[in-house]
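Make the full structure from the sequences, and use the hints.
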Amino acid sequence: MSDLVRHIDAHAIADQPALVHAAAHPPITTVATADTAPLHRLQVATLGHLYFLGTVLEVFGPDFSPTDLERGKTEGDASFDTLTSAQQRFPVNARLAWLTVSAFRQAWNFAVVPPPDLRSGAAAGLAVEIGA
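Sequential numbering of the sequence shown, starting at 64, is according to the numbering used here.
Any given hint might turn out to be false.
Stated by the list, open to error - Ranges of calculated distance between the beta carbons of each label pair, as one might list FRET restraints:
{"id": "1", "residue 1": "A97", "residue 2": "F127", "range": "43 to 51 angstroms"}
{"id": "2", "residue 1": "V119", "residue 2": "L159", "range": "35 to 43 angstroms"}
{"id": "3", "residue 1": "D98", "residue 2": "D126", "range": "44 to 52 angstroms"}
{"id": "4", "residue 1": "F123", "residue 2": "T96", "range": "35 to 43 angstroms"}
{"id": "5", "residue 1": "L102", "residue 2": "L159", "range": "27 to 35 angstroms"}
Hints listed in this document are in silico derivations from the structure and should not be mistaken for laboratory results. Cβ atoms here follow ideal geometry from the backbone N, Cα and C, with glycine treated the same way.
Printed below as a string of structure tokens:
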């Protein structure tokens with residue numbers, strides 16, 4: 064079993080902190096080569112989906128309120144349209160999708176996780192530390 068599959072198997076549970084933690088700690092941290100670049104891109108896409116799902120759970124969790132609903136119906140990065148557009152971007156550009164999720168998270172004052180660096184696989188300078 065690959066490191067990426069083991070990582071997903073260990074962290075892909077309906078638990079917001081676990082999903083965001085998994086996105087913040089990519090399992091593949093080696094420097095990308097021509098042979099491994101597709102694996103690094105797959106890691107960005109896979110962990111990006113976990114980051115997206117963690118965000119959905121964080122927004123719509125038990126503390127979701129009518130105020131949150133109104134906030135999400137506004138325009139700009141805090142809108143639910145932003146989150147929807149991120150989901151639609153994954154098949155085309157996973158890194159851009161990740162950055163769109165981050166813009167939404169920042170607008171909601173949630174911890175932001177940068178996407179893994181495609182050159183090394185490691186998270187590119189965590190803006191906010193997400194658990195060890």
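Hint check:
| no. | hint | in the structure |
| --- | --- | --- |
| 1 | A97 with F127: 43 to 51 angstroms | holds, 45 angstroms |
| 2 | V119 with L159: 35 to 43 angstroms | violated, 18 angstroms |
| 3 | D98 with D126: 44 to 52 angstroms | holds, 45 angstroms |
| 4 | F123 with T96: 35 to 43 angstroms | holds, 40 angstroms |
| 5 | L102 with L159: 27 to 35 angstroms | violated, 19 angstroms |
Violated hints, listed in ascending order, are 2, 5; each of the other numbered hints is respected by the structure.
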